[in-house]
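As you go down the protein sequences, you meet chains A and B in turn. Heads up, the first sequence stops at 157 in numbering that gives the first Met the number 0, and the numbers go up one at a time, no gaps. Heads up, the second sequence stops at 293 in numbering that gives the first Met the number 0, and the numbers go up one at a time, no gaps.
Hints should not be assumed to be uniformly reliable.
Stated by the list, open to error - Under 8 Å between C-beta atoms, here's a sample of chain B residues computed to sit facing chain A:
hint, residue
1, L4
2, P9
3, V29
4, A32
5, T33
6, I37
7, R40
8, I61
9, V64
10, V102
11, N106
12, A249
Stated by the list, open to error - Take a look, some chain A residues computed to stay more than 10 Å from chain B by CB distance:
hint, residue
13, Y2
14, R10
15, S12
16, P14
17, L65
18, E76
19, T82
20, Q89
21, H94
22, G100
23, T121
24, G128
25, A154
No lab work stands behind these hints: they were computed from the structure. A quick note: this is a predicted structure, and the numbers were derived from the prediction, not measured. From the three backbone atoms N, C-alpha and C, an ideal C-beta is built for every residue, glycine too.
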Amino acid sequence: MRYLVTLQVNRTSYPVELEVGRTLLSVLRGELGLTGSKEGCDDSECGACMVLIDGRPVNSCSYLALQAAGRQITTVEGLASGTKLHPLQQAFLEHGAVQCGFCTPGMLISATALLAANPDPTEDEIRAGLSGNLCRCTGYVGIVAAVRSAAAELANAD
Amino acid sequence: MPGSLAFYHPTTLEDAIGLLGEHGDEAKVVAGATALTILMRQRLVAPSALVSLGSIPGLDRIEEVDGSLRIGAMVRHRDVELSQIVRARIPVLAETFGKVANVRVRNAATVGGVLAESDYASDPPAVFVALDAEVEVRGPNGERTIPARDFFVAFYETALEPDEIVTGIVVPVPAAGSGTSYHKFVTRSSEDRPCVGVAALVRLAPDGSAADLRVAVGAAAETPQRFPDYEALGRGHVLSDDIVGRVADAYAGAIDTLDDMRGSAWYRTEMVRVWVRRAIESARDAAASGPAAH
Ligand SMILES: Cc1cc2nc3c(=O)[nH]c(=O)nc-3n(C[C@H](O)[C@H](O)[C@H](O)COP(=O)(O)OP(=O)(O)OC[C@H]3O[C@@H](n4cnc5c(N)ncnc54)[C@H](O)[C@@H]3O)c2cc1C
Ligand code: FES
Ligand code: FES
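This is chain B alone, in the form it adopts within the complex (with noise of 0.2 Å):
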């Protein structure tokens, strides 16, 4: 790693980003550095500045906001796992949260690390994209948001400008009446990244039919992958056999699956459509033994 690597641990935002606009392209934010670490050992950055956000207060809550958790960047994964009101209020997402990696990464990892990563095959983006949340960033003109579903646009690569930091992302409770699961299929290791991880969200109207479906698909392409048009196959539907597996098939066949050490690009495609299968009969049976909607 060069001599000539300089860190900062400012401790406001706004200093933040000025060293990011500073330094441009050749600083780096450090949140857990589970990840940064390991690029850098690999030499695949070689940054000159990092900017921790260790010192900035503020960052690691967790809190209710107008039927959203709003979710701090720095809360760590263990947090979200073990939070009280992520369990009582999101449970889906403490299950995710708790199902990467081991304690070990997850006590240092990061909530804003994990969506500025952007890595193909980690586990709370789809389920994020699934939920419909909002990526809060702040850059020097502010504040935006934007819908998770267009934050990840590719392998490593998010909307976020070079001098934008994220700041938490926000995640709507789902409606009274809803169901949601995250299924994480490994074919190496229990701890290791998905092959395939899909969650979904399944809410019942009052004579069982979907009101609302919605299926994301993690670690199978380079974002994750969701299909609105597919989604309506299942709404407006009681959710059989048959109707669900119309989604798993359409889904199998729209994604354009990656190949890597976890799985063929065609053994991926049959175990979306299994997943994909899975994860909606899971949320749907939730949906049905949870608090009916009114």
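Excised from the complex, chain A in its bound form (with noise of 0.2 Å):
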């Protein structure tokens, strides 16, 4: 059966007819064209597929896109205000925290929802914040530092 819901994403209302077990990642990437949000495993495994809901993460592979209705969902291309890149992404190019990319929107999400509940962490903190998003070319050294000079940034910036 198809059911007709209003999914809220970055701040944009998407009206959209879907069938019940549609995940919400393979809504954001087919209908809503949104495909920054990447299928790593599929498996709640890689976190390649974060985004935020009510400004938690979540992995989207996992979460039925029905259950998202009414509620506040955030996707790397949230991020960005216009052209100017979100300090996390600016890091990310200056540190070399990206390589293939493919893990990078979820780092994004991860390193955003971390730096909203702990402006100011410790690079465990960071391990432990980022643990569970898989990368598997930068070996998560140059990841590690750009969030620790994006925390800086915003704590500079207020």
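Quick one: dock chain against chain with the hints and give me the complex.
Here it is in structure tokens:
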């Protein structure tokens, strides 16, 4: 059966008609054309599909799109303001935290949630905060450095 | 996933139970969906109706009632982990929920979901069993409570009837003088499910002997394993290395351990021996350093 729902993604309303079993990830990438969130494993293991739902990070590959109705969804596309990158995105570029880039959207969402909860994390806290976001390229060192530097940047901006 | 699948989001428990009654075995409750979406994708379940509990008010509360914490079925793992009242009253519960998977899963997965799923390799069940928690369920004939110990029946099987819903769990706050612990032993990655998980509670009498000792072992067999007869080996005694070792050996001998990618049956038996000992020691040391019993 198909159901009409309105998804709120990056402060934009998207009315969509969906089959029940559809995951949020498939709808974001399909009907909504927001292909920033990636499908790594489709099994809740890798974090490439991560989005914020009401500010909290979840795996969109294991979340039913219908469950997300009425909630505020943030994807990686929602981080930049116009053409100005979010400080985390800028820091990822500057620290070589991106190689193939497949894990990057999930890492950025994860880091956004981490810094919202803990604006001045230690290196251990960053590693714990990003645990479960798998990267097969960078070795994580650049990613951790980028998050530290973005935290400092954001603190200075306040 | 079949095209005829229907989705309901009832706003009362009565309606939810009614829908389960109407659709029988074909209906599945949806809570966080972290397990259900994977089961559906792997075609291990193929329901014709999903009944979401997300629109029913009141299932997401944590409250203290008569010396127990009552945790609603829709409380998320992350909320248990961060709850001030859980951290203050039953810290081992907050710690255990904080050890499940990673934050992305904990933000969606619910307390009712981990109970109803009855996965042998989940962490919270052993702790609930050690703490003598009681599962609250509601069905067409009203409410009943099921001791956690009897709730988990077999692999992915609980004492729930098909038209019953878990509404919450009541966990008694351990008596003064108690110490608790949960050790999660993983063999692959730090956020994997446990190979063996052991929960223990020790309450020390003023003379330093164990007035109470409880041990539940998770992930080693189909359901959490607790043996009152072997707990009794420690009760009334000072928990010396010798006594603790005897309890650990008894548990290792009694559990018919299973074999999976996280460890062979032989290896699990040896790990039960090690981690039962460590869990009792941690609980004992926590009891000794906490506020004394009167
Ligand atoms: C990548 C990953 C890693 C994990 N690692 C761990 C781990 O280390 N330790 C651990 O303990 N767990 C782990 N889990 C399991 C996770 O905790 C479960 O998926 C979760 O507890 C299920 O909760 P849910 O609310 O998402 O349930 P759902 O997926 O919504 O439901 C699960 C089952 O329970 C039924 N159900 C749900 N709520 C109720 C209710 N109130 N009444 C009756 N039936 C109900 C559903 O019909 C379904 O059959 C992991 C899961 C994933 C995806
Ligand atoms: S695609 Fe969702 S966790 Fe890997
Ligand atoms: S940059 Fe390739 S997986 Fe992380």
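Status of each hint after checking the structure:
no.: 1; hint: L4; in the structure: holds (4 Å)
no.: 2; hint: P9; in the structure: violated (14 Å)
no.: 3; hint: V29; in the structure: holds (7 Å)
no.: 4; hint: A32; in the structure: holds (5 Å)
no.: 5; hint: T33; in the structure: holds (5 Å)
no.: 6; hint: I37; in the structure: holds (6 Å)
no.: 7; hint: R40; in the structure: holds (7 Å)
no.: 8; hint: I61; in the structure: violated (17 Å)
no.: 9; hint: V64; in the structure: violated (27 Å)
no.: 10; hint: V102; in the structure: holds (6 Å)
no.: 11; hint: N106; in the structure: holds (4 Å)
no.: 12; hint: A249; in the structure: violated (36 Å)
no.: 13; hint: Y2; in the structure: violated (6 Å)
no.: 14; hint: R10; in the structure: holds (20 Å)
no.: 15; hint: S12; in the structure: holds (19 Å)
no.: 16; hint: P14; in the structure: holds (16 Å)
no.: 17; hint: L65; in the structure: violated (5 Å)
no.: 18; hint: E76; in the structure: holds (19 Å)
no.: 19; hint: T82; in the structure: holds (29 Å)
no.: 20; hint: Q89; in the structure: holds (24 Å)
no.: 21; hint: H94; in the structure: holds (23 Å)
no.: 22; hint: G100; in the structure: holds (20 Å)
no.: 23; hint: T121; in the structure: holds (16 Å)
no.: 24; hint: G128; in the structure: violated (7 Å)
no.: 25; hint: A154; in the structure: holds (22 Å)
Checked against the numbered hints listed earlier, the structure breaks hints 2, 8, 9, 12, 13, 17 and 24; every other hint is satisfied.
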